[in-house]
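**Student:** Sequence:
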Amino acid sequence: MFPIIIKLKSEKDNGKMVKFQNGISVAARNLMTYAFLLSTLLFCVLSPAQEPTPDVETIVKKIDQLYRSDTSQAEMEMHIVTPHWERTLAMNVWSQGMDKTFIRITAPKKEQGVATLRIGNEMWNYLPKTNKVMKIPPSMMMGSWMGSDFTNDDLVRESSMLDDYTYQFVTLEDASPDHIYVQLMPKEDSPIVWGKIVAAVQSSDYLPVWQRFYDEKGNLMRVMNFKEIKTFGDKIAPSVMEMIPQNKEGHKTVVRWMNATFDADIDAKIFTRRNLQRRR
1 MFPIIIKLKS
11 EKDNGKMVKF
21 QNGISVAARN
31 LMTYAFLLST
41 LLFCVLSPAQ
51 EPTPDVETIV
61 KKIDQLYRSD
71 TSQAEMEMHI
81 VTPHWERTLA
91 MNVWSQGMDK
101 TFIRITAPKK
111 EQGVATLRIG
121 NEMWNYLPKT
131 NKVMKIPPSM
141 MMGSWMGSDF
151 TNDDLVRESS
161 MLDDYTYQFV
171 TLEDASPDHI
181 YVQLMPKEDS
191 PIVWGKIVAA
201 VQSSDYLPVW
211 QRFYDEKGNL
221 MRVMNFKEIK
231 TFGDKIAPSV
241 MEMIPQNKEG
251 HKTVVRWMNA
261 TFDADIDAKI
271 FTRRNLQRRR
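Using the working numbering, the final residue of the sequence shown is 280, and nothing's skipped along the way.
Just so you know, the hints here were simulated from the structure itself, not pulled from any lab data. Only a predicted model underlies this, so the values are computations on that prediction, with no experimental measurement involved. For every residue, glycine included, the Cβ atom is placed at its ideal position computed from N, Cα and C. All the given hints hold, so there is nothing to weed out.
If you anchor each label on the Cβ, the simulated ranges turn out as follows: (1) T231 / P128: 32 to 38 Å; (2) S204 / Q168: 18 to 24 Å; (3) A107 / A175: 40 to 46 Å; (4) S139 / A90: 28 to 34 Å.
List time: in silico PhoX-like cross-link candidates among lysine-lysine, alpha-carbon distance up to 20 Å: (5) K109 / K132; (6) K62 / K100; (7) K248 / K217; (8) K62 / K230; (9) K109 / K129; (10) K100 / K61; (11) K129 / K110.
Input sequences plus hints: build the corresponding full structure.
**Tutor:** This is the structure we're talking about:
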């Protein structure tokens, strides 16, 4: 009898032990679950909130006014490359808002003194060789400036992405997670030759990466790349713009901002036709 009593007592104790161990296991799991939920909650509360992507109009406005301010003064170099020749132009550029631009070439000596002025929708060129000021008609705004791959409109920015286009976010097949893409379509009443423009900006700061220009048939005509981000006073912007026409093999034009000053006082006499003929 004694051994049997001991055996029965042992089974009873074992049952209690199993229940005790199961209780500990459940409590441990509950504690771990609570700790996980608490840590997740703390992570969500303490982690910095990701800023939402701004609306498309805000991004287009930043692109449109990237190199603009109330006023700007800059020294630039333009390097023109063709299959047959290359040349580099140095120039000084002044602008006031979106309506006034003045450009004067300072080198090489052959082109020194050539100047361009835009006020509103009117534009003039001055050629020292002929000592004449020539008004540029609207039909020539998309013509080449000084033999480069930039047009007259590119240099003086007569058209405005914000005012002359409709825009929306788009997704591309070759999209990068680091970029945001915007498609711009010209408004019906805008004197724009492009069928559309697709622009890529950095997701982090919305600075431009490239712009692709298409004709009305949807053919890619040219690509403008933005490179070498620099700080100019309080403004951060790409310091290099590279224009590559897609229908001219071996051609490209690179504009480099050497230095720039924004929101400084500019003499009103800069933006006058009389100033075109001043050689300085």
